[in-house]
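Let the hints inform the model, and build the full structure from the sequences given.
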Amino acid sequence: MLRALTAAAAAAIAIVGVAFAAAEAEHPQDYPFSFDSPVGNYDMAAVQRGFQVYNQVCAACHAMEHLSYRHLGEEGGPFALYRVRDHETGEMTMQIGKPEHGGTFVDVVDNPYVRAIAEEAIISDIDPNSGQLTDRPGRISDRFRQPFPNEIAARASNGGAYPVDLSVITAARHGGADYIRSLLMGYSGEVNGTLYENRYFPGGWLAMPAPLGEGVVAYNDPEVPQTVEQYATDVAYFLQWASDPHMEERKRMGIVVLAFLVVLAGLMYLAYKQVWRGESH
Amino acid sequence: MSGLSTYEPKSGLTRWLDKRLPIIRLAHDSFVAYPTPRNLNYFWTFGAMLSLCLVVQIVTGIVLAMHYTPHVDHAFASVQRIDRDVPFGWLIQNIHSVGASMFFLAVYIHMFRGLYYGSYKAPREVLWILGCIIYLLMVVTGFLGYTLPWGQMSFWGATVITNILGAVPFVGESIQVWIRGGGSIDQPTLSRFFSLHYLLPFVIAGVVALHVWALHEAGQNNPAGVDVKSKADTVPFTPYATIKDLFAVILFVILFATFVFFMPNALGHADNYIPANPLQTPPEIVPEWYLLPFYAILRAFDFNIGPIDSKLAGVIGMFASIAVLFVLPWIDTSRVRSMRYRPIARQFFLIFVVACLILGWCGGQNPGLILAKPADFSATLTWVSGGEVRSEQFTAPSEGEYEEFAQAQRDRLAEQGATMTSITRENARTATITGVFGGTQSTETVTGATPDAMEEAITHAKEEVGSGAAFFSVERRSPYTFTVTTLSQIATFYYFFFFLVLLPLLGLREKPGRVPDTIAKPVLTEQGAA
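So the sequence lines, in the order shown, correspond to chains A and B. Counting from 1, position 64 in the first sequence corresponds to residue 64 in the numbering used here; the numbering is continuous, with no gaps. Here the numbering used here = 1-based position in the second sequence + 1000.
Because the hints were derived from the structure by calculation, they are not lab data. Misleading hints may appear alongside valid ones.
Beta-carbon label-pair distances, calculated as ranges [to be verified]:
id: 1; chain 1: B; residue 1: Tyr1480; chain 2: A; residue 2: Val39; range: 47 to 55 Å
id: 2; chain 1: A; residue 1: Ser280; chain 2: B; residue 2: Phe1202; range: 35 to 43 Å
id: 3; chain 1: A; residue 1: Arg155; chain 2: B; residue 2: Asp1073; range: 18 to 26 Å
id: 4; chain 1: A; residue 1: Lys273; chain 2: B; residue 2: Phe1202; range: 35 to 43 Å
id: 5; chain 1: A; residue 1: Thr104; chain 2: B; residue 2: Glu1008; range: 52 to 60 Å
Keep in mind the model is a prediction, meaning the values are calculated, not measured. Positions of the beta carbon are idealized from the N, C-alpha and C atoms, including for glycine.
Encoded structure:
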């Protein structure tokens, strides 16, 4: 009887808990990202486009202080370079992104794409000869260029609001990449002073105006639509990669580890049965 | 069990060593020949898992400490560096953070096992108390470790927990400052937390050695709860227990690996990926999942008990919930160890497990969250539209007579024909009374699921009437609410009721089932029957 009561109480609590879950902002849209499944990888073309969106739009206000340009070209990065041998001609060609099979990873130091991305950035540094502050083109070892020298400057340029660092933003927000994507698409157009209405933002109003618009970033690939939804999806891909750059390696290793452990558990079970054979317990 | 050693050194070297340091003999007697009850179930494999967890945490922790920087400006970034740039740093860091959760998962099952099978009863009281000390050290170590990444939850969790200590009478504030190394959580706190987080696991390892020693002196308990009586009751530890432990440990590692490789952040809080900011309190401050039951007990005391204020009562309740475990061997009066043969106690034990789970759930919720209520919050607005509005100031002869005087003013205006009156008090003696004469009186009742929703509905209703009314009289009605706090109060009550009332009384009143004479007997008859 007591047991039945306990079960009933537990069930009642579970139902009540679900029914009264606090709902402040609208739940983000569930988008089928390629990395959602336990074996899913990054759609690297989307991560590359997402970097382009970050670099041309978000980077005007948002820093990513934990990322360096070299990260883009390291193994598992969106601009990782591989040397691939053509099967028919035997010629060696360079290719961005991991080929289906084969291919040798080219160290990021020899990656011209990443070097070009870094050199586009103007980095403020101390001149080695004069000791004075000076501007120089970026190097792959540089951190992503910070849009503001400090938090005070960032707030002063943004009406008192601080544009958060985006290095680990998808890990730091409930809903992750879905939240980022929904937020970027969730503007209603209502403006109240310096606040902009967004149904996915807790509280409903945020200081960031809608950053994306049709065609603000020109993609190289004519097949890819230049819409707010596409930009939002791509930049969510990029930010997810930035938060979790080793995800592909982690999942790959996880599959192998689990497969090994399952086989080992099977063997252990047989060994256990063998040892205890003839012993009652 | 201590007995004659069966170890025989086989080679010249081992004979030589055995005369000087009988370490191989110790290992042989402890982990090979050690007699193990033959009826142990899988709940007896958690000791092996816990040993593994301790080793894993120490090994990964030492590597992490090589790369971590215990400085308020660099701690968060150094963890990022470990995750991004240190070779396999992401793996080591994930193992360490998931490992803490797995450690607690295993220790909780291990402790519930001990409670259910009466493993704390004579002659295992010291073994049990050593286990409680290990658990307490684990809680402290886990809390200190959670501070180190210096995210928002690290910082504010540490603030809340150290604030708790301030509730202790007389010395609380001094202790708080001493532990923090200053008035608030800052660099001195991080430095000492890092130092202690490195130290305590080795203290745990020391107490674990004592725990294992005590275990091997008293012998293992078993599901039947009866003592080992003859050799027929036992099997040698190796290979029998060793292989079973290994199999169970591998199943445990599969669960461990699933978290490490496929959902490393599932057990953490998203806010800890936001760097600590002393100027911004996060919307919710929650400890790691394994401390939630105690957090719920702490917050269940939202009332003063005589001279003890609610904060101190919560602290006492929280510490008492662990302290009660230390004296458990002497409050449980039943001489039957295993709850298998205690039909009534077993049912109360199951409710106890549910109460602990409920406490865990409550600890993660907003304490004011309303779980159930008989009716909505409601308010009745009364106002007069149209009519003539007149205001006048009055002064009561003294502060004590104010209420009486104000009522007289109301009555006076009502006599003059006022439909409604309102008084705005300006100071102790003077107030302004406003009366509406003529017009039509209307009322409206609004409702809301929460007090906030009701206030919103009131504002909305007022806006609809607009300037048509000079003022409103609002009567608010709050229904009885069953909140998370109420639920945790019930669960907390049961937690203590179970230990302090049920276990002492049941032992005297309950009629236990028939306990088998030996371990071997039920095992062998069951096998025979099958």
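Self-check item: Outcome for the supplied range 35 to 43 Å, where the beta carbon pair is Ser280 of chain A and Phe1202 of chain B
Solution: Distance hint for Ser280 of chain A, Phe1202 of chain B holds at roughly 42 Å.
Quiz item: Do the beta carbons of Lys273 of chain A and Phe1202 of chain B sit within 35 to 43 Å of each other?
Solution: Given a distance of about 38 Å, which is inside 35 to 43 Å, the answer is holds.
Self-check item: 52 to 60 Å as the expected CB spacing between Glu1008 of chain B and Thr104 of chain A, which holds or is violated
Solution: holds (58 Å)
Practice problem: Kindly confirm whether 18 to 26 Å is satisfied by the beta carbon distance between Arg155 of chain A and Asp1073 of chain B. | Solution: Holds - the Cβ-Cβ distance for Arg155 of chain A and Asp1073 of chain B, about 19 Å, lies within 18 to 26 Å.
Quiz item: Range hint 47 to 55 Å: satisfied by the CB atoms of Tyr1480 of chain B and Val39 of chain A?
Solution: holds (51 Å)
Checked against the numbered hints given earlier, this structure breaks none of them.
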